[in-house]
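Go by the hints and put chain B onto chain P.
2 protein chains.
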Amino acid sequence: MNFSSKKYKKSFDYSYSIGVYSTLELLTYKLSQTVKVFLHSKSGKNKGAQKILSICKASHIETEIADGLLTKLSNSENCYAIGFFRKFGSNVSPKKDHIVLDSPSDMGNVGTIMRTMLGFGINDLAIMRPALDIFDPRVIRASQGAVFQINYRYFNTFKEYQTQFPRNFYPFMLEGINIDEVVFEKAFSLIFGNEGSGLNRDFLKIGKPVKIPQTTKIDSLNLSVAVGIALYESYNQNRKS
Amino acid sequence: MNFSSKKYKKSFDYSYSIGVYSTLELLTYKLSQTVKVFLHSKSGKNKGAQKILSICKASHIETEIADGLLTKLSNSENCYAIGFFRKFGSNVSPKKDHIVLDSPSDMGNVGTIMRTMLGFGINDLAIMRPALDIFDPRVIRASQGAVFQINYRYFNTFKEYQTQFPRNFYPFMLEGINIDEVVFEKAFSLIFGNEGSGLNRDFLKIGKPVKIPQTTKIDSLNLSVAVGIALYESYNQNRKS
Chain P
783 MNFSSKKYKK SFDYSYSIGV YSTLELLTYK LSQTVKVFLH SKSGKNKGAQ
833 KILSICKASH IETEIADGLL TKLSNSENCY AIGFFRKFGS NVSPKKDHIV
883 LDSPSDMGNV GTIMRTMLGF GINDLAIMRP ALDIFDPRVI RASQGAVFQI
933 NYRYFNTFKE YQTQFPRNFY PFMLEGINID EVVFEKAFSL IFGNEGSGLN
983 RDFLKIGKPV KIPQTTKIDS LNLSVAVGIA LYESYNQNRK S
Chain B
783 MNFSSKKYKK SFDYSYSIGV YSTLELLTYK LSQTVKVFLH SKSGKNKGAQ
833 KILSICKASH IETEIADGLL TKLSNSENCY AIGFFRKFGS NVSPKKDHIV
883 LDSPSDMGNV GTIMRTMLGF GINDLAIMRP ALDIFDPRVI RASQGAVFQI
933 NYRYFNTFKE YQTQFPRNFY PFMLEGINID EVVFEKAFSL IFGNEGSGLN
983 RDFLKIGKPV KIPQTTKIDS LNLSVAVGIA LYESYNQNRK S
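Read top to bottom, the protein sequences are chains P and B. For the first sequence, the residue numbers in my numbering are 783 to 1023. For the second sequence, the residue numbers in my numbering are 783 to 1023.
Chain P on its own, in the form it takes in the complex (with noise of 0.2 Å):
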């Protein structure tokens, strides 16, 4: 694998992790994908670089001190680590509850449901095309790692996703049964529309279409705050059960 120092293509069969934090995520749950580790020279006194340095010798992965490299993938001048890896193909389960994001865009987003998502417990993640690359270094950032230990997969059409996972679903509109009056039935899907979109009316005919009530002060809720109540929700709903 030839590392650039190029920013990140999504045309490029790999991608880094940007930072202590995110790169010690990808070598404990990605250890296998994870080529080189480029560190600072100034990164002696932090502990988790230090941790970062004793995974890769124990596991035999190429380290390099590259102060200009990390200053301008991450135009920072405070970066002590990125972690190179190769991109992994996933799948999400027929068994698990899954999220599923229908054309999203917006990097942040993205990552924060993919945080949110390990902290309510589901992590089988549906994404419908046009969409952003998950791997992009803005959105493993935003995530703070949480995307090495997420299943995914893309689908070209809800159609597609539907037929492969047939269960219960639970598209989110501005119309709809309350959310708090909702029993989520398990496999169950959760589906959230574009940031400036939403899912068109079409899906107010796929299974138990649910709201978030809110004041008419603003036209909807931030897509990642959404998410995170519906998974709060059902985290709720679950750990009661």
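FYI, nobody ran anything at the bench for these hints, they're computed from the structure. Since this is a predicted model, take the numbers as computed values, not measurements.
Quick look at which bits of chain B chain P covers, simulated, 3 or more residues with Cβ under 8 Å:
1. 890 to 898
2. 901 to 909
3. 988 to 996
4. 1012 to 1022
Sample of chain P residues with no beta-carbon within 12 Å of chain B, all distances over it, derived:
5. Lys791
6. Lys827
7. Asp915
8. Pro919
9. Arg949
10. Arg983
11. Asp984
Using N, Cα and C, we set each Cβ at its ideal position, and we do this for glycine too.
Relative to chain P, chain B alone:
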């Protein structure tokens, strides 16, 4: 007021909303603070931009076509409007419920929190320093103009806030009563720590500490997601009572 095309600095006595939606929010809720609106030469077909133009005409607010300025300040070729306004003072109300943020630093989080506050009917925001500048255009953008409906005030310490606003405090921590078992008694303040460090342990002695049940797979939820869940629960209680 002298508008340079310089990027915003905290020391400026003015700031600006980027984009049609935020600029409409500015004109709707802080018209008297609005000084001048810059439009793109291609904005003639954009309905929102035309609405901006007609509000400005009716209210004798100066407008100017300035494609270069829009591109420079927005970092985008597709920005149709930027509204300059005089920054405004504000205060929180002793009778209303508050969100309290201790030392927030992430622009996107705080903007998202403002928008979520409006969605769940809390308009008052108390901020403990050191903290970001809520008039930074990046906060305004993330809030989608919600900042223009928020009552805010900065405090130097929590003690200062607590003395002036005696009420029911609910600090959000990693230990405490589960949020779904808490009855939020009015007037209340939901208190959240910094993105990196959370609230320090002294807050365990303040009011009723609350936790959001979650797995051990993450250190903590993203700040804007945690605030979103807290606002959702308090709004639901209020709605049903």
